[in-house]
Structures are given as C-alpha cells and as structure tokens.
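There are 2 protein chains.
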Amino acid sequence: MKNYITHDEWCIVEEGFHPEHNEITESLMSLGNGRMGQRGNFEEGYSGKTLLGNYVAGVYFPDKTRVGWWKNGYPNYFAKVLNACNWTGIEIRVGGELLDLNTCQIDEFRRVLNMKEGVLERTATVTLTGGRKLRIHSRRFCSMADDEAGAISYSMVPLNFTDHFTITPFLDGNIRNRDSNYDESFWNGIAHEAYGPEGYLVLETKSNPYQVEQFRVATGMKFDIKLNGMQAAATVQTASRDKYVAGTAQVEVREGQEITIYKYAVNLSSANYPHEELISKAKAYVARIAEKGFDRMYAEQVQAWAGKWEKNDITIDGDVAAQQGIRFNIFHLGQTYTGEDERLNIGPKGFTGEKYGGSTYWDTEAYCIPFYLSTADDKVARNLLVYRYKHLQKAIENAAKLGFSDGAALYPMVTMNGEECHNEWEITFEEIHRNGAIAYAIYDYARYTGDESYATDQGLEVLIGISRFWKQRINWSEEKGQYVMLGVTGPNEYENNVNNNWYTNYIACWTLRYTLEVIDKLWKEDSRKLNEVIFKTNLQLNTELADWKHIVDNMHYPFDENRQVYLQQQGFLDKELLTVADIAEQRPINQRWSWDRILRSCFIKQADVLQGLYFFEHEFDEATIRRNFEFYEPMTVHESSLSPCVHSILAAGLGMREKAYEMYLRTARLDLDDYNNDTEDGLHITSMAGTWMSVVKGFAGQRVKDGLLSFKPYIPEQWEGYSFRIGFRSVLLKVTVSKQSISIENASESALTVLVNDKKIFIDALASVQL
Amino acid sequence: MKNYITHDEWCIVEEGFHPEHNEITESLMSLGNGRMGQRGNFEEGYSGKTLLGNYVAGVYFPDKTRVGWWKNGYPNYFAKVLNACNWTGIEIRVGGELLDLNTCQIDEFRRVLNMKEGVLERTATVTLTGGRKLRIHSRRFCSMADDEAGAISYSMVPLNFTDHFTITPFLDGNIRNRDSNYDESFWNGIAHEAYGPEGYLVLETKSNPYQVEQFRVATGMKFDIKLNGMQAAATVQTASRDKYVAGTAQVEVREGQEITIYKYAVNLSSANYPHEELISKAKAYVARIAEKGFDRMYAEQVQAWAGKWEKNDITIDGDVAAQQGIRFNIFHLGQTYTGEDERLNIGPKGFTGEKYGGSTYWDTEAYCIPFYLSTADDKVARNLLVYRYKHLQKAIENAAKLGFSDGAALYPMVTMNGEECHNEWEITFEEIHRNGAIAYAIYDYARYTGDESYATDQGLEVLIGISRFWKQRINWSEEKGQYVMLGVTGPNEYENNVNNNWYTNYIACWTLRYTLEVIDKLWKEDSRKLNEVIFKTNLQLNTELADWKHIVDNMHYPFDENRQVYLQQQGFLDKELLTVADIAEQRPINQRWSWDRILRSCFIKQADVLQGLYFFEHEFDEATIRRNFEFYEPMTVHESSLSPCVHSILAAGLGMREKAYEMYLRTARLDLDDYNNDTEDGLHITSMAGTWMSVVKGFAGQRVKDGLLSFKPYIPEQWEGYSFRIGFRSVLLKVTVSKQSISIENASESALTVLVNDKKIFIDALASVQL
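Chains as they are written, first to last, in UniProt numbering: chain U, 1 to 771; chain C, 1 to 771.
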C-alpha cells in the first residue's frame with residue numbers, strides 16, 4: 001500500500017518526484033482515447049526505473065505459449081497486447097548534456113493527471129551540470145476528438161543561463177514487450193520516412209505460424225518549435241532508419257526565454273486502413289491536426305471530457321479521497337473503451353500496461369456492461385454484445401477443439417480475436433461459467449434498455465450456441481437421478497475441478513431457460529424471424545428444446561438442509577469451516593499458502609454463490625440472500641479485485657451498511673493506493689466498473705424493476721452526500737443524495753417514471769424532484 | 001508400434017540399418033553398469049537422426065523451472081539427468097573422407113545388443129566414394145567389473161582398396177541436454193590434458209542459484225591401434241582445448257588388412273572422489289584397464305552378466321518374442337541399478353535418455369523394490385530404503401514449504417537429492433499417495449526378507465514423518481462425522497484434485513496402522529531403541545499415537561452399497577459409466593481428448609482402487625477383489641506403462657487367465673515394439689519391473705505368506721513352459737513350470753520350505769522337487 005498520491009477531487013497529483021514508484025505513477029497517469037493509449041512516461045526519456053508503454057487498440061501479437069506441462073486442448077499462442085512505437089519521445093540536449101531526470105538534480109517536480117480534461121501535465125525545475133537551472137512544463141493528451149492522434153506541448157525556460165538546445169522529436173519502433181514469453185521482438189520495420197519536422201514509420205507485426213492476422217501500424221509525427229511564442233528559426237536535420245525517424249533542431253535559448261516544442265502524432269492501424277494507404281492517410285492526418293494546432297485540440301479535449309463527465313460523473317461530498325478514487329475509476333473506464341468500434345473490448349490493463357495479454361475476459365459482461373449501460377449510449381454496450389456475436393463461430397470452433405459438437409459454443413477465457421489464449425487447464429477448460437455471463441449480458445442489455453431486438457436477433461444465435469454447450473457439458477447422474485456438471489472451476493478460482501458448482505449449474509440452467517423464453521417470445525411475435533434463426537443454427541425444435549427443458553427441471557443444486565444455504569460445490573461441507581478472522585496473519589493466502597492448501601481450505605477468492613445471488617437477485621427472497629451472505633462472506637478473502645463490489649452491493653441491499661462500506665473501500669482506491677503491489681504492471685481496468693456499481697447499485701440501490709429504473713438510496717455515514725449521473729432509455733438523470741433528502745434531476749427532453757424505495761415517482765422533462 | 005527388431009532369445013537385433021528409427025534403436029541398445037551409461041550411438045559419429053547420450057549416475061543439473069502460471073510452493077528448479085561427456089567417439093577418415101553412415105552407401109548392417117554378455121556389437125559393410133568398400137566391426141560395453149569404465153574395440157577392413165586412415169579417438173564435452181528448458185549448456189570446462197594416446201577432461205556443472213551441489217566429472221581415455229593384431233607404428237598428434245581432447249593417428253591400411261582401435265575410458269565423479277584427485281585417479285584407472293586389455297575386460301563382463309542372469313533370468317519356452325521381451329526388461333533393470341550405492345536410484349529413463357529428469361519416483365517403491373528383492377542381494381533393496389531415509393530431512397522441509405509442521409514429511413514426486421523437482425500442482429502437491437508407497441516399501445522389505453531391523457530402526461523415523469503428514473493432511477468432516485482427505489490426485493492421474501480417493505485414504509490409514517504396529521513391536525522387543533527414536537523424532541506418545549488411532553478408526557472410505565465396490569473417489573458414480581469398448585476408436589485418450597474431458601470421464605489411466613487391492617491383497621477377500629476388478633478394469637485405458645502389470649497379477653490371482661495374458665502382453669514389449677511412440681526418448685525403465693512381476697507374481701502367483709515363499713503357478717496357454725530364478729532369505733531357487741509339472745530347484749547350501757498351492761513343500765539344499 002502506497003500513500004504518495006496527493007488527494008484531490010479532479011486530479012491525480014504526484015508532488016515531488018518519486019523515482020522508486022515511477023512505474024506505478026506511469027500506470028496511474030496513463031492516457032487513452034479508446035483507439036490508442038500510453039503510460040505516463042517522460043517525453044525526454046528516463047534512464048531510471050520506467051516501463052515505456054504505447055498501445056494501439058486491437059493490435060496484438062500471438063506470442064508462443066509457455067507451459068510447464070502441455071495438456072491436450074491448450075492453445076498454441078497467447079495474444080499479447082502489443083507495446084508499440086513510442087511517439088512521445090523528444091530528446092533534449094542542453095549544451096550537449098542529455099536531459100534525464102535520473103541523472104540531473106530535481107529541484108521541483110509535479111506530475112498531474114487532470115481527469116476533468118484528460119490531460120497529463122508535468123512541471124519541473126532541474127539543475128544541470130554547472131548549476132544551470134531549467135524549468136520544464138509539458139502537457140499531453142490522447143485526443144478524444146481526433147481519436148487516432150495525440151499532441152504534446154513541451155516547454156523549457158533556462159532560468160540562469162543561455163545555451164544551445166538540441167531538440168530531437170522522434171518516433172521509435174525498437175520496442176519489446178516486457179512480458180514477451182521468449183524475449184522476442186514482435187515488430188518488423190516496413191517503412192521510414194522523414195522530411196524536416198515530419199516523420200513516418202510503418203511497423204508490421206512479425207509473421208507467425210498461427211494464421212493470425214499481421215497488423216501494420218503507421219505512426220506519424222510533425223513538430224513545431226516556438227521561442228517565446230515565435231517560430232524558432234531552426235533548420236531540421238532528419239534521421240531515418242529501420243524503426244526510427246527523427247528531426248533535430250538546434251536553437252539558442254537565452255536566459256528567461258521559453259522554448260516550446262509542439263508535437264503532433266498519429267497512429268493508424270491496418271485494422272482500419274488498407275496497407276497501401278497507411279502512410280498517405282497518416283500524412284494527411286498529421287497535416288490536419290498540426291494545422292488545427294495544440295490549443296484548439298486541447299480545447300476540444302476539454303469539451304469532449306466535459307461531455308463524458310456530464311453522463312457519468314459521481315460526486316462525493318465530505319471525502320476527497322473517495323471522490324478522487326471514484327473519478328479515477330470512471331476516467332480510466334472512459335478512456336479505455338468508447339464503444340465506437342465493435343471489434344474492440346476492455347482489456348484487463350487497458351492502455352496502462354501489457355500484463356496478462358488478451359483484451360477480453362468475462363469481466364466485460366459481468367462488470368463493465370452495467371457501467372456502460374448506465375453512463376453511455378446504448379450502442380456502447382450493444383457493441384460489446386456484437387463483439388461476442390462476431391466471435392460466435394470461433395467459440396464453436398473452440399468448443400469443437402475440446403470435443404463438443406453440433407454448434408455448441410464455448411467462449412474463450414481470454415481472447416483477442418475470438419480464439420482462446422489462456423493455457424491453464426483448470427481455468428481454460430473448466431472456468432466455463434464465463435459462457436453464462438455472456439448469455440446474462442444479453443438479458444441485462446434487454447432489461448436495461450428495453451430493446452429486445454438484440455436478444456431475438458444476433459443474441460439468440462449466441463444463446464443457442466451456449467445452450468448447446470451446456471447441454472453437452474452436463475451429464476445425467478444415475479446415482480442422483482439428476483443432472484450434474486462435473487469438473488468445473490467457478491468464479492472462486494480457489495477451487496479447481498469441482499463438481500456441481502452451484503453458480504455454474506445455476507447460470508447454465510438460467511441460460512437454457514432464457515433461451516427457451518426468447519425462442520417462445522419470438523415464436524409469438526415474429527415467427528418468420530425465428531425460422532431464420534432456426535434455419536441458420538439448424539436448431540432441432542423437437543429434441544433440443546425438450547432436452548433443455550428436461551435439464552432445467554432436473555438439475556442438481558448442492559444445498560445444505562441444515563443451514564438452508566446453497567453449497568458452493570458438492571462436498572463443500574467436508575472442509576474445515578473457518579473464517580477469515582481465524583487466519584488474519586496469514587493473508588493474502590495467495591502469497592502465503594501453497595496452492596493445494598488454498599484449494600483444500602474453505603476460503604473463497606471472490607464471490608461465487610453470492611455472484612449468482614447478485615445476478616439473479618430477483619429470483620430469490622431476501623432471507624435466502626441473507627443466509628448465504630452470512631455463511632459465505634466470512635470465508636471470503638477477496639483476493640480478486642472483482643470480489644468486494646459484489647459483496648458491497650449485496651450488503652447494501654441487506655441493510656448491512658458497515659459491511660457495504662468496508663467492501664466499497666476495498667475497491668475504490670485499489671490502484672491509487674497500490675493495495676496489491678502490482679499497479680506498476682498497469683491498472684485493474686475492468687474491476688473499476690465494480691467501484692462505480694458499489695455506489696450506484698450499492699448505496700443508491702439502483703435496479704431495473706418491471707422496466708422501471710429503481711433506487712433505494714442511502715448515504716454511507718462517512719459521507720456528507722453524493723450524486724451520480726445515470727442514463728436510462730434516452731433520459732439522463734442526476735441523482736443527488738444528501739443526509740436530508742434525495743433529489744433527482746431530469747436533464748432530458750422526455751419525462752420518466754422511476755421507483756424510489758418502491759414508490760413510483762414521475763419526473764418531468766427538464767424537471768427535478770426532491771424526496 | 002514398430003516391428004523392425006528381430007526376435008531372438010538373447011539379443012536385440014537390428015538387421016539392416018533403419019535410419020528412420022535410429023533414435024529408437026539407440027534407446028533400445030543402451031548400455032549401463034549402474035554408475036554410467038550411454039545410448040547405442042555410433043562411435044564414428046553420425047550426421048543423421050541421433051540423440052547422442054552419455055550419463056553418469058547421480059550427476060545432475062538444477063535446470064530453471066519452466067511454468068506457464070506459477071503456483072505457490074513450486075520448486076525453483078527441475079533437476080535434469082545430465083547428458084555428459086561423449087567418451088565413445090572415434091572419428092574416422094579414410095583417405096580424407098569422413099566415415100559417416102548417413103552419407104556413405106550401406107551394403108550390410110547389423111547392430112546387436114547381446115544381453116547375455118552386456119555388449120553392444122555392430123558389423124557393417126559400406127561403400128565410400130570411388131567404390132571403396134569398408135567392413136566395420138565394433139564392440140563395446142560399460143564394464144560391470146570396473147564400473148567407472150567402458151571399453152571399445154573398433155575394427156575396419158578395407159575390402160578392395162588401400163588407403164591412409166586418419167583415426168581420432170576423442171572425448172567431447174560440448175554436450176547439451178536436448179530437454180534443457182532454456183536451451184542452455186550445463187557444463188563448464190575445468191581442465192583438458194592430452195598426451196599421445198591419452199586424454200583427460202574435467203567438466204563441472206555450472207553454478208546455480210539454488211545451492212545445489214556442483215558436480216565435477218573427470219573423463220579419461222587411452223587408445224591403442226593394432227594392424228592385423230600388431231601394434232600399428234603410428235605417431236599421435238594431440239589436440240587439447242576447452243571441453244575437448246583427442247589424439248590423431250595416421251595409418252596406411254592395405255586391402256584386406258584389419259585395423260583395430262581399442263579405446264578405454266573412465267568417468268569419475270566428484271560424488272566419489274575429491275576434486276583434486278579426479279585427474280590422478282582417472283589416469284591410474286585408465287592405466288589399469290588399458291593394461292588389463294579389452295579381451296580380459298570383455299571376459300569379466302561376460303562373467304559378471306552370467307552371475308546376474310543366474311539370479312534373475314526368466315526363460316519362456318515356445319514364444320521367442322516373449323522370451324526376448326522379458327530378458328530385455330531384466331537386462332535394463334540390471335544395468336540401471338546395481339544397488340552398490342545408496343545415493344543412487346532408478347531413473348525413469350535410466351541411462352537411455354534424459355526425458356522427465358529426476359532419478360526417483362514412487363515407481364521405485366511400488367514396482368522396482370519387489371524386483372530387486374527377488375533377484376538381488378537384500379542390500380540392493382535395502383539401499384533403496386536407505387536412500388529415502390537419507391532424504392527424510394528434505395522431505396520434512398518439503399512438507400514445511402507446503403505449510404506442514406512438527407516433523408511431517410512429504411517425499412517429493414520427482415527428485416535427485418531429496419528436494420522436489422516437479423511443478424504441476426495437481427501432481428506435485430496432490431499426488432501424495434507416493435508417501436504411502438514409501439512406507440509400504442519398508443513393510444514389503446521386512447515381509448520379504450524377514451529382516452525387521454530396518455523397519456524398527458531407520459524405517460521407523462520415516463514412518464513417523466509420513467504418519468505425521470497424513471495426520472495433518474486429513475481433516476475431520478463435521479458433515480460426515482468421519483475423517484476425510486480432500487484435494488488429492490490418486491495413482492489414476494486422469495482425476496485431479498478429488499476428495500477421498502479410496503487408495504490414498506487406505507494407504508494413509510495403513511501407514512498409521514503400520515507405524516503403530518512397529519512402535520508396539522519395538523516397545524515390546526527393544527524399548528531402549530524405541531526411546532531413542534522417540535527422542536530423536538520428539539514423538540508425543542500420548543497425543544500423536546491416539547490421534548493416529550482415531551483416524552484409523554474413523555476414516556471415510558467411499559463405497560457403493562449397490563455394487564459393493566469401493567469408489568475411486570467421492571462422487572465417482574456421478575460420472576457417465578462407460579467402458580473402454582465404448583470409445584475404442586478414440587484411444588489413446590491422452591492424445592485425442594482435451595484434459596477436462598479426460599477428467600470428467602470415468603476412464604482410468606492406471607490402477608487406482610486396484611493398486612490398493614494389489615498392495616493390500618491380504619486384507620481383502622477374493623470376492624471383494626473380483627467385484628472391484630470387474631467394475632474398474634473395463635474402464636481402465638492403461639495409458640501409463642505402470643498399469644497393466646497390476647491388472648495382470650490380479651487377474652492371474654482371480655483365475656482370469658486370458659485377461660492376465662492380455663495385460664502381460666501390454667507390458668512385455670512396450671519399448672521393444674515402441675507401443676507408445678516414445679521409445680526414442682529413452683526406455684520406460686521402472687515399468688520394466690512390472691513385466692517381471694507379471695510373470696513371477698502373476699503367472700507363478702508368488703507371494704510371501706506367514707514368512708514363507710508361496711507360489712500358485714500356471715502356464716499361459718500361449719507358452720510351452722517357463723522358468724525363473726528367485727532369491728529368498730539367502731536361498732536361490734529356480735522354478736520351472738511346464739504344461740505337466742512344476743519343478744523347484746534349490747541351488748543353495750540351505751534348505752527352504754515353500755508353499756505351492758498352499759501346501760508346504762520342503763526343498764533340501766542343492767536339491768529339487770517335482771510337483
């Protein structure tokens with residue numbers, strides 16, 4: 001746990017340089033715009049501890065899998081998010097001395113991520129050799145308005161000297177992923193061109209034996225140097241070689257003068273442009289933004305972020321740390337995924353690091369979709385559904401590799417292009433509940449938006465594929481006279497290869513039920529459309545549907561008659577039932593205990609039965625949820641960042657306010673305070689949605705009930721008040737909760753009826769109500 | 001399955017060269033003498049498919065572990081059997097042309113492993129460029145009499161030409177393990193010396209971060225060249241450089257003359273000699289064997305093997321393939337481990353390859369000890385027990401790494417020096433039944449030899465350590481009101497992380513019972529000695545013994561009341577119960593099915609419940625064994641080489657003779673016919689003991705009953721007769737079984753009473769009985 005970030009409502013502030021935490025700060029201060037992103041590296045370079053990271057959305061490399069012991073069915077490659085060309089670099093020499101904050105004396109330093117504006121800013125005063133004092137001020141952003149572009153303003157003032165400055169803005173493609181399995185470089189240089197202050201590189205991912213697409217990325221730059229606001233009369237010497245272009249200018253800067261470099265850069269990917277047009281498009285793009293200029297781009301950036309905050313901000317009164325924490329999470333979610341492109345998804349590290357690889361986990365469906373449903377246009381969440389629809393064929397192939405047939409679909413645990421990347425049998429082959437979350441998201445979307453057209457159209461094909469998988473994965477137990485599902489890993493990954501995981505059994509049967517429902521609905525409403533789906537999927541109405549129904553009616557759910565709780569899996573009660581309080585000094589167990597001991601213990605990594613009760617709350621009474629919560633929560637160690645939010649929401653619903661707040665605190669500043677000592681690898685992007693949910697679904701009790709948006713708000717004691725924006729069926733509400741009252745403001749042109757504490761409240765267009 | 005090896009009673013014969021199978025042949029024709037060994041490589045080198053392999057017993061390297069996903073508790077290194085200096089090399093140039101059977105024309109070729117004599121012989125006629133025909137005849141062996149030495153005789157006759165022969169016997173230490181995890185070299189050169197026809201290399205294993213001993217091996221050679229039996233007057237030019245020494249002689253050989261190179265070599269390890277004496281000892285050793293000469297060494301080799309065959313031969317009449325198969329297995333077991341050194345053990349590949357690494361698996365206790373007990377001096381098996389005793393402290397440390405305490409010992413799955421090497425959680429941490437096999441071997445030794453001194457002395461410390469482990473690994477289930485053992489992998493590795501594996505539960509409780517028995521016995525017979533053990537182990541008589549007893553009395557054993565069979569593990573009956581016949585075309589499932597499918601299925605890799613019934617046959621009635629056999633055997637795919645022998649023995653005991661023979665066939669020629677397509681990696685040394693057991697314990701029904709050696713022999717229909725030698729308590733018997741009768745010959749100076757079909761038979765010294 002670190003504590004060096006200054007608390008501030010809108011900014012992430014590093015006061016004074018903390019070189020020992022530099023990689024953490026770089027992660028925290030990452031920038032992105034959905035299409036590209038980068039860590040908070042220094043433009044001038046840094047010879048100390050740093051992880052230089054630039055990423056282009058959707059561009060990856062199939063790194064050769066590394067395993068200890070090969071298991072049949074493992075994928076051959078693991079798609080790695082690709083560390084790409086460094087476009088922020090500006091080498092600075094002052095009278096020949098390389099500017100490097102690792103070697104010079106730092107007199108003053110402040111690095112700020114301004115989340116309101118989406119801008120990274122740095123001011124520093126350093127002393128170079130001979131006592132030369134230099135002030136530095138840099139600002140940069142990944143433009144939301146021009147989402148393949150970024151811009152930098154980098155100023156220096158020599159405070160007590162006059163000297164020649166040698167300034168070399170460059171593009172550098174000699175980049176390796178730190179997490180490359182075999183320390184290989186993944187890029188080939190294709191082209192390099194430089195003309196005066198302009199430079200272009202085209203890099204291509206290396207060829208691979210897995211028939212995975214090779215990507216090309218054209219990176220372009222143009223720079224402009226001003227001395228006290230006037231064009232500096234400098235000639236530019238260019239360098240252009242494999243994977244590197246640069247332009248060097250020499251400028252004499254007198255004491256007190258300000259020299260400013262404006263650098264404009266673009267990243268264009270072959271995912272969006274034909275190969276032959278990459279350079280010409282990059283040139284045109286660079287020309288356009290350079291013409292627009294830094295200040296106008298900056299203004300557009302501020303405007304774009306204002307628009308986003310308008311839809312998704314949460315304010316918290318009386319707790320700056322909490323305010324900073326929640327905005328930090330919302331900010332990173334907002335810049336990681338914008339929903340513009342249904343080929344993209346929300347990687348576990350976003351644009352903040354390369355660890356884990358892949359871009360898509362079940363986190364997307366279970367945690368992120370509710371956030372985007374409430375804070376962005378419906379199309380954003382819908383695009384995340386379409387992403388899976390487009391991978392359906394791959395999911396069917398993935399299942400076929402594991403011995404399934406006839407259109408059964410198993411979505412991968414981790415993927416870039418729909419193919420499985422993960423290789424750990426107990427997860428890859430057995431953590432199949434992910435399939436259920438993908439089905440649930442279709443339902444969740446329909447429930448929230450009221451738009452059932454996705455479920456009955458593309459959604460139904462996905463549901464049929466998943467239902468077929470469950471049918472084949474479940475078997476009849478003669479012994480029990482019921483259906484069972486053997487050999488799975490539930491959300492609680494501290495159990496492997498268990499039988500009848502309650503959550504997985506439940507979500508599997510729920511999928512079958514929901515699929516049957518959607519078919520039934522479509523049968524009644526649009527039988528012609530249904531026939532199309534039947535034809536396309538070769539669905540056997542008289543056998544498959546009956547089979548599904550039979551499973552739904554005869555599934556085994558492990559249950560403790562004594563305690564009247566669902567059992568996480570068969571045999572759970574054979575364990576020694578301890579509580580987390582019993583092993584306080586031995587936590588985190590994933591760092592202290594051997595794996596077998598973790599498996600044998602009753603301790604739970606993340607919500608499992610409770611994850612199910614959270615998803616399907618409407619199918620259980622409160623007493624049942626309470627009993628299960630009281631049984632499982634004390635055994636849960638929350639060693640996944642995805643766990644506390646679910647507990648926070650359930651506890652809030654059960655009126656266990658202290659527990660709800662305790663759980664909220666575990667999610668809110670996870671990365672900001674580096675709880676798990678791993679922020680240097682990048683941020684936990686997907687779990688950030690959980691923090692948002694803890695406030696909106698937890699403290700404010702937001703649900704959808706019978707098509708109505710519903711709230712049951714309360715304030716955690718520690719706060720004075722809070723507010724959040726929420727979009728629902730084309731209406732944008734601002735909900736403000738204070739100690740005294742609840743007010744709901746309707747900023748839209750249409751009226752909306754909501755439920756507050758189960759009472760219907762009508763809110764007129766552009767009106768507000770106070771309760 | 002290959003079929004190119006000629007059937008022969010005493011020899012493994014390759015008629016005509018099979019370059020496509022060369023690595024298989026090299027494995028089959030490996031030589032060893034317990035201290036060193038090598039694959040059947042060509043002396044002159046070979047540019048085609050070959051795995052050059054030389055190994056020195058006990059010399060290994062801690063290769064950095066390779067894992068996909070690290071789990072707490074994994075060891076940092078995997079000790080690899082080390083491919084060592086090549087001492088067999090003799091480079092041959094004929095008029096400048098390098099002799100290489102991959103490039104010249106082969107007119108005749110025959111490679112023979114003579115198992116009776118322990119000699120590898122090769123004859124070939126080849127045509128070199130210009131039609132020059134050359135006859136080659138080589139013989140070599142690893143000397144049993146001088147067990148750090150080997151000798152080669154390599155002759156050539158130019159059949160139709162006269163030319164200069166350039167002959168370069170060499171030692172080459174530029175060797176890498178093919179299975180190195182990171183393609184690293186493991187050897188450093190320390191010294192190299194060459195004088196005329198003598199050369200010496202000292203190599204040292206590279207330093208490592210694991211505090212694992214660095215080994216030095218001195219390899220020495222001396223050669224001698226004869227022309228038509230007379231000293232060839234050749235001067236020798238020497239080469240000596242890092243990791244390489246050689247001497248080159250030029251000899252003119254006339255048409256029809258025979259030139260013969262005798263090469264004598266030694267390998268001395270720092271495990272046996274101080275560093276500073278390695279070279280001087282190697283020189284003295286080389287001088288001694290060169291003085292002795294090839295012919296005398298050869299004669300001693302033949303004599304040594306005759307002595308071994310006298311004790312362990314099995315003859316089979318009427319089936320040459322079976323005869324060859326059984327002798328092949330006995331031969332390799334005999335040359336892999338001689339029992340001279342309690343620091344050594346029986347590696348899974350012996351001296352025939354480097355795959356898997358480590359030298360010791362539970363195979364030693366479960367399969368090999370019975371073989372050595374019956375076919376070698378008692379001290380051979382005893383040394384295998386002492387090996388584990390010496391590793392007790394490491395086993396306690398190994399358990400401590402996994403969270404156990406107070407002297408609980410978990411022996412490693414794979415080891416060289418007592419430390420765990422294996423890194424696959426479901427095996428390393430969970431396949432803990434290995435601990436039981438180590439306890440069982442102590443019992444087995446006492447039962448067979450009648451010598452209980454080991455059990456009550458060193459053995460008891462081991463038993464206490466293992467019992468303490470079981471105590472801590474077992475927990476009380478409130479639900480069941482019984483003890484349970486959660487999260488294990490049984491011998492059937494096609495199930496992982498199961499609860500209450502019947503075999504593991506049984507052998508755990510048996511260990512506790514046996515430990516209590518041994519303590520009780522010692523209490524009565526030698527309480528002073530018991531007190532020493534109690535003091536040394538800090539055994540708490542009033543608590544620990546009571547705990548063990550309570551577990552023995554209250555353990556849960558999963559059982560099917562319906563079928564009256566033990567359940568392999570809890571929940572086994574939830575599976576779809578198919579038989580192997582149902583999936584005929586899908587086998588082997590370990591190559592066709594994904595891992596999760598294997599796990600979910602009922603199919604069994606190797607005997608599990610049946611392994612327990614085999615070990616503890618005396619504790620079950622025949623009807624129980626039959627019921628379980630009939631239930632499990634049809635589900636067993638025998639995809640471990642260790643499985644069929646157990647089934648063969650049980651089937652024989654149950655009178656299921658066809659099944660017994662079918663199972664025997666699956667073990668007998670596993671490597672010879674390359675059933676599993678993996679013989680090129682080396683032989684399945686430990687499972688060879690199972691073949692021997694199938695004959696002696698299976699067809700001949702050998703057991704020990706109340707201290708008497710017992711037989712219930714029958715002949716498989718396919719055979720005319722068979723015989724085997726068996727040693728028992730200082731008596732050596734030859735048992736011959738024909739269609740008509742059983743004869744037992746006592747070759748010893750003492751009489752023995754045995755049981756044949758449960759009747760006592762007295763066999764006088766040097767007498768025989770016919771039944």
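Simulated from the structure, these hints should not be mistaken for lab results. Careful: at least some of the hints might be erroneous.
To be verified - Label-pair restraints from in silico Cβ distances: (1) U/ASN3 - C/SER185: 46 to 54 Å; (2) U/TYR210 - C/GLU184: 25 to 33 Å; (3) U/GLU525 - C/ASN181: 37 to 45 Å.
As the list claims (entries may be wrong) - Calculated pairs, DMTMM-like style, for lysine to aspartate or glutamate (alpha carbon to alpha carbon, straight line, at most 20 Å): (4) C/LYS71 - U/ASP678; (5) C/LYS71 - U/ASP179; (6) C/LYS480 - U/GLU479; (7) U/LYS64 - C/GLU184; (8) U/LYS480 - C/GLU745; (9) U/LYS243 - U/GLU184; (10) U/LYS401 - C/GLU585; (11) U/LYS311 - U/ASP678; (12) U/LYS480 - C/GLU561; (13) C/LYS471 - U/GLU576; (14) U/LYS64 - C/ASP179; (15) C/LYS64 - U/ASP183; (16) U/LYS524 - U/ASP451; (17) C/LYS133 - C/ASP107; (18) U/LYS71 - C/GLU184; (19) C/LYS116 - C/ASP295; (20) C/LYS734 - C/GLU9; (21) U/LYS116 - U/ASP163; (22) C/LYS480 - U/ASP147; (23) C/LYS401 - U/ASP147; (24) C/LYS712 - C/GLU745; (25) U/LYS71 - C/ASP678; (26) U/LYS308 - U/GLU749; (27) U/LYS521 - U/GLU576; (28) C/LYS2 - C/GLU576; (29) C/LYS480 - U/GLU576; (30) U/LYS705 - U/ASP451; (31) U/LYS49 - U/GLU20; (32) C/LYS71 - U/ASP147; (33) C/LYS64 - U/ASP678; (34) U/LYS480 - C/ASP560.
None of these values were measured; they are calculated from a predicted model. Don't be surprised by glycine CBs; every beta carbon is placed ideally from N, CA and C.
- Query: Does the structure break any of the earlier hints, and which numbers would those be?
  - Reply: Checked against the structure, the hints that fail are numbers 3, 8, 11, 18, 21, 22, 23, 27, 28, 32, 33, while the rest are satisfied.
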